[in-house]
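Okay, here's what each chain looks like letter by letter:
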Amino acid sequence: MARITAGVATSHVPAIGAAFDQGRAGDAYWKPVFDGYEWVKQWEKQEKPDVVILCYNDHASAMMLDVVPTFALGMAEEFIPADEGWGQRPVPVVQGHIELAAHLAEQLVIDEFDLTLMNNMDVDHGCTVPLSLMFGQVEAWPCRVIPLAVNVTQFPTPSGNRCWMLGEAIAHAVESFPEDLNVQIWGTGGMSHQLQGPRAGLINPEFDNAFLDGLIDDTDRLRAITRLEYLRESGSEGIELIMWLIMRAALGKDVEELHRFYHVPASNTAVGHIVLRPRELVTA
Amino acid sequence: MRTRLYPLEDLEDIPGTTVFTAKRSREAYHLHKFCMSLMEAANREAFKADERAYLARFRMSEDQKQAVLERDFNRLIDLGGNIYFLVKLSNTDGWSTQKAVSSMTGMTADEYAAMMRAGGRSPEGQRSKREGN
Ligand SMILES: [Fe+2]
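If you're matching them up, the sequences are chains Z and F in order. Residues 157 to 440 in our numbering are what the first sequence lists, from first letter to last. Residues 8 to 140 in our numbering are what the second sequence lists, from first letter to last.
For the record, the hints were derived by calculation from the structure and aren't laboratory data. Note that the structure is a prediction, hence the values are computed from the model and not measured. From the three backbone atoms N, C-alpha and C, an ideal C-beta is built for every residue, glycine too. Among the clues, some could well be false.
[As the list claims (entries may be wrong)] Footprint (simulated), chain F over chain Z, 3 or more residues, beta carbon under 8 angstroms: (1) 211-223; (2) 235-241; (3) 341-355; (4) 420-428.
[As the list claims (entries may be wrong)] The calculated label-pair distances, taken between Cβ atoms and stated as ranges, are: (5) Z:A380 x F:S135: 14 to 22 angstroms; (6) Z:T272 x F:R9: 18 to 26 angstroms; (7) F:R59 x Z:T382: 41 to 49 angstroms; (8) Z:T272 x F:E52: 28 to 36 angstroms; (9) Z:R180 x F:D117: 12 to 20 angstroms; (10) F:D117 x Z:V265: 44 to 52 angstroms; (11) Z:V265 x F:R64: 36 to 44 angstroms; (12) F:D117 x Z:P188: 17 to 25 angstroms; (13) Z:L437 x F:E58: 51 to 59 angstroms.
Using the sequences provided together with the hints, build the complete structure.
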């Protein structure tokens, strides 16, 4: 039986990818950021997930122009890193898991989540920067990845509560997959940031840290945060945090915090990172 | 009518912020088609070689074309644009996202970078036009 063994969340800033790819990770500006991911890189080597369900948002790279899906599930054998205007990132092609993706597609629609299924798409920094942060510089990613793209760009986005319910449905779907698979779920994006207009550069450490705390012991409060509140408190792009709620909901009622990191800034953005384990797996 | 958690007009109440909606998305469709065309190296070269001529391939408004030529990102957002599309243009120029973003704030790129290093822009006074908080 497949099982979700952990949840990981991280910001997915493109400049982090550029610093990583151009060998600037040791620079004074970037070192504190990359140091925050040393723990998880070692941990992932021991965890050896078979599959990661990677919740991210496409930044107008593979969708959002002709088609604007609220939830889009990656069904393909592989996903090529997108060229976002400066050439493709020099990272491995992302390998999908078509059996589990097909199972999710079936189960989630039956559970009344009307997903868009993507048989062909490239993946942008939203997907590949978290992979670099968790696995480092590698010849091939050490696991399969099922990308799940969420619209956080065009209003209305799905609500945080809807994302939470999707996470719960994903947990049920994974549980009913017959093959024995070690599955992680990742939520990416955030934390507070705004990339537009005179208010650009907004950072709200109080909001961010309360969000991190809430993932452990106050999830009902997080579920109730409105789109308006995300915009006001965490900036227009801070609403990416709703994707963390998919991850958190998929872990069940209680979780153990294994690791946490928070740093300002990376480019325009507050960097947050957390690693969680379902409580039932900690005590088992 | 169904009730909402807040009046949708409140989305317009946030200082210095434009909410990207389905209507705006449609207004900027051809602008965004141009932006996404820059995801191919050959198109980037063609654009750099003759910006005006390249823009003529797209059914954008003249205002949108002019704002592209001027790299006026605030204006492009006024005209329906969204930053995730628009950074394809600044990436083509070899700008960092931070430089593109800073250009909308009335600060120089260096001033903006210094603000970010010092912890970013505080939300105090930036939450609501109405409440001024
Ligand atoms: Fe993002």
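Indicate whether the distance between the beta carbons of T272 of chain Z and E52 of chain F respects the range 28 to 36 angstroms.
holds (33 angstroms)
Report holds or violated for chain F covering the segment 341-355 of chain Z, Cβ cut-off 8 angstroms, minimum 3 residues.
As far as the segment 341-355 of chain Z goes, the hint holds, because 7 residues have Cβ atoms under 8 angstroms from chain F.
Quick check: the segment 235-241 of chain Z, covered by chain F? Criterion 3+ residues, Cβ under 8 angstroms.
As far as the segment 235-241 of chain Z goes, the hint holds, because 4 residues have Cβ atoms under 8 angstroms from chain F.
Measuring from beta carbon to beta carbon, are D117 of chain F and P188 of chain Z in 17 to 25 angstroms?
holds (21 angstroms)
Are there three or more residues in the segment 420-428 of chain Z whose C-beta lies closer than 8 angstroms to some C-beta of chain F?
holds (count 5)
Does the hinted range 41 to 49 angstroms hold for R59 of chain F and T382 of chain Z at CB?
Once the Cβ atoms are compared, 44 angstroms apart, the range 41 to 49 angstroms for T382 of chain Z and R59 of chain F holds.
Take the C-beta atom of V265 of chain Z and the C-beta atom of R64 of chain F, compute their distance, and say whether it sits inside 36 to 44 angstroms.
For V265 of chain Z and R64 of chain F the Cβ distance comes to about 39 angstroms; the hint holds.
Are there at least three residues in the segment 211-223 of chain Z whose beta carbon sits under 8 angstroms from a beta carbon of chain F?
Coverage by chain F holds for the segment 211-223 of chain Z (5 residues, Cβ < 8 angstroms).
Would you say the C-beta atoms of T272 of chain Z and R9 of chain F sit inside 18 to 26 angstroms of each other?
holds (25 angstroms)
Satisfaction of the hinted span 44 to 52 angstroms by the C-beta atoms belonging to D117 of chain F and V265 of chain Z:
At 51 angstroms between Cβs, range holds.
Does the hinted range 12 to 20 angstroms hold for R180 of chain Z and D117 of chain F at CB?
holds (19 angstroms)
Between the beta carbons of A380 of chain Z and S135 of chain F, is the distance compatible with 14 to 22 angstroms?
This hint holds: roughly 19 angstroms between Cβ atoms.
In terms of the numbered hints stated before, the structure departs from none.
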